[in-house]
Amino acid sequence: MGKEDVKRLRHIKKAPKPVKKLGKAALTDAPTVYAKRGQNAVKKEIDEAQILKNIHGHAGDAVVLRAKAAEKINPNRARDVVTKAKLKTHKKRIAEGIAKTAEAELLNTEEAGYLKTDDGSLTYNVKQAEITSSIDLATATRSFSLDLEHGPYRFDYGINGRELILGGRRGHIGVFDWMTKDLLLEKDLLESVKDVSFLHVSTLFAAAQRRWVHLYDEQGIELHCMKQFNEPKLLQFLPRHLLLSVATGTGYLHYLDITSGKIVNSFRMKEHGNPGAISLNQSNGVLLSGGHHGQVTMWTPNAKEPLVSIKAHTSSITGLTVDHLGNYFASSGSDGLVKLFDIRTYKQLSSYKVRGRVSCLDLSQRHNLALGIGQHVQVFQHVNRTSGLQKPYLSHFVGGDVRQVQFCAHEDVLGIGHERGFASILVPGSGDPDMAGLLHNPFESKAQRREREVKMLLDKIQPNMIALDPSTINRVRKAPEKVIDVKPAYEPKPDPTWALLHRFKRR
Numbered sequence: 001m002g003k004e005d006v007k008r009l010r011h012i013k014k015a016p017k018p019v020k021k022l023g024k025a026a027l028t029d030a031p032t033v034y035a036k037r038g039q040n041a042v043k044k045e046i047d048e049a050q051i052l053k054n055i056h057g058h059a060g061d062a063v064v065l066r067a068k069a070a071e072k073i074n075p076n077r078a079r080d081v082v083t084k085a086k087l088k089t090h091k092k093r094i095a096e097g098i099a100k101t102a103e104a105e106l107l108n109t110e111e112a113g114y115l116k117t118d119d120g121s122l123t124y125n126v127k128q129a130e131i132t133s134s135i136d137l138a139t140a141t142r143s144f145s146l147d148l149e150h151g152p153y154r155f156d157y158g159i160n161g162r163e164l165i166l167g168g169r170r171g172h173i174g175v176f177d178w179m180t181k182d183l184l185l186e187k188d189l190l191e192s193v194k195d196v197s198f199l200h201v202s203t204l205f206a207a208a209q210r211r212w213v214h215l216y217d218e219q220g221i222e223l224h225c226m227k228q229f230n231e232p233k234l235l236q237f238l239p240r241h242l243l244l245s246v247a248t249g250t251g252y253l254h255y256l257d258i259t260s261g262k263i264v265n266s267f268r269m270k271e272h273g274n275p276g277a278i279s280l281n282q283s284n285g286v287l288l289s290g291g292h293h294g295q296v297t298m299w300t301p302n303a304k305e306p307l308v309s310i311k312a313h314t315s316s317i318t319g320l321t322v323d324h325l326g327n328y329f330a331s332s333g334s335d336g337l338v339k340l341f342d343i344r345t346y347k348q349l350s351s352y353k354v355r356g357r358v359s360c361l362d363l364s365q366r367h368n369l370a371l372g373i374g375q376h377v378q379v380f381q382h383v384n385r386t387s388g389l390q391k392p393y394l395s396h397f398v399g400g401d402v403r404q405v406q407f408c409a410h411e412d413v414l415g416i417g418h419e420r421g422f423a424s425i426l427v428p429g430s431g432d433p434d435m436a437g438l439l440h441n442p443f444e445s446k447a448q449r450r451e452r453e454v455k456m457l458l459d460k461i462q463p464n465m466i467a468l469d470p471s472t473i474n475r476v477r478k479a480p481e482k483v484i485d486v487k488p489a490y491e492p493k494p495d496p497t498w499a500l501l502h503r504f505k506r507r
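If you're matching positions, the sequence shown starts at 1 in full-length UniProt numbering and goes up one per residue.
No lab work stands behind these hints: they were computed from the structure. Computed from a predicted structure; not experimentally measured. There could be a bad hint or two in this list.
[Said to hold, decoys possible] Below 16 Å or equal to it, Euclidean Cα-Cα: the simulated EDC-like pairs (lysine to aspartate or glutamate) are:
hint	residue 1	residue 2
1	Lys187	Glu222
2	Lys270	Glu305
3	Lys88	Glu71
4	Lys446	Asp177
5	Lys187	Asp217
6	Lys233	Glu191
7	Lys446	Glu305
8	Lys194	Glu218
9	Lys187	Glu149
10	Lys187	Glu218
11	Lys68	Glu96
12	Lys92	Glu71
13	Lys311	Asp335
14	Lys227	Asp257
15	Lys304	Asp335
16	Lys181	Asp147
17	Lys233	Glu218
18	Lys455	Glu444
19	Lys194	Glu419
20	Lys311	Glu271
21	Lys311	Asp342
22	Lys460	Asp257
23	Lys116	Glu130
Go ahead and model the full structure; you've got the sequences and the hints to work with.
Shown next as structure tokens:
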């Protein structure tokens, strides 16, 4: 055998092996794995991928994001068999859930409202009288105005969205059904009222009066008086935790458990005290506050220091609101700036300069932003990080300085509390048409209300479970590893103190 034959044999050994082609069935970069698994496994993967692909045109934004996340899951990249099986099961469950969600959306025939002019003119020139004349009578009655003499007024919608409570600064309290206009309670407390809030049922409410916080029932009878809360200023109720948070003018933040009447925690907010606005993140129960330093801070009853502090404005904060999903919050300052932040990254998304001082603001379920500017209310549509605030969607004049704005859940209604009373206006497309019957059921009976109250008490979440990331609740903490102290084999003895001086050293 010559040298040429040896070179030829070496060349044959180094030749690559033939690769089996799978055609369109090879969806990943590992075709040999699919060949070993067989055609049935490949077909199953194709069917699941096709389901995820077809879902994009039928599901909502949240479902689309979940479908995109499921497409990135590749079980073939797992290192062991156990992890590979878990990824397959997880991906299969996501695909089944998305398919069921898409089928359920076919039953939701409700559509969000909208406002469109015939001549193509701007919508913020449209008055409420023109809107009510173009819709049915039942919806038109939801736009009304109350002229009251004991303002300025603060208000709050009930947890089911049907009852409304008004609290005037001069002590006037009123509770009524804003859909049927039936008056349920009217009382003069003979003391200034700074804020009001419903509790877990519409038959109980709290009032922040001049000195203390008082709890009342549907007949106006005082049930409880919290004398520990001196000079209350702002109230916020946590429905899933059944806690009432109170921010006082003395710089303290209190958490009251309404089921037992005990104070869960009470601490001083220090330089963040006496906030100008507070808001609740409904997704995790974290309370946001904005003070005169221009900082937005996040609080829980488990820590006496703020979890997060964001420098949002250079001036004092006048308004603060969080969307119902807990992803974004908007704030306004006395300098006329309105800013939108992402809670997940704590970064500013957009900033907008308005003419005048913004006294309050609120976000709807479909990301419509309402601003109270002097005696006017402006509504901006589809507030997001890309477009920010463009031209106003609607504009309304109330005739008094606006003190509070709040959207009613699952309704195209915006409530306005001002110095001369209360106003309710229609904002088409602001509410989510798909109603969640667990909490928001405006047509519930007395028996259903009692059943819901008992269920809320049973499903109460403990205060110590409030955290920035609620997904950490179902995680198990790993036990710390044992540390064994090993002594060194040789430890040099230290020199005596007298040996530090050179003249006392032994020779």
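Evaluated hints:
no., hint, in the structure
1, Lys187 / Glu222, "holds (12 Å)"
2, Lys270 / Glu305, "holds (9 Å)"
3, Lys88 / Glu71, "holds (12 Å)"
4, Lys446 / Asp177, "holds (14 Å)"
5, Lys187 / Asp217, "holds (12 Å)"
6, Lys233 / Glu191, "holds (14 Å)"
7, Lys446 / Glu305, "violated (42 Å)"
8, Lys194 / Glu218, "violated (20 Å)"
9, Lys187 / Glu149, "holds (14 Å)"
10, Lys187 / Glu218, "holds (11 Å)"
11, Lys68 / Glu96, "holds (14 Å)"
12, Lys92 / Glu71, "holds (11 Å)"
13, Lys311 / Asp335, "holds (14 Å)"
14, Lys227 / Asp257, "holds (15 Å)"
15, Lys304 / Asp335, "violated (30 Å)"
16, Lys181 / Asp147, "holds (14 Å)"
17, Lys233 / Glu218, "violated (23 Å)"
18, Lys455 / Glu444, "holds (14 Å)"
19, Lys194 / Glu419, "holds (13 Å)"
20, Lys311 / Glu271, "holds (13 Å)"
21, Lys311 / Asp342, "holds (13 Å)"
22, Lys460 / Asp257, "holds (11 Å)"
23, Lys116 / Glu130, "holds (12 Å)"
In summary, the numbered hints that this structure violates are 7, 8, 15 and 17.
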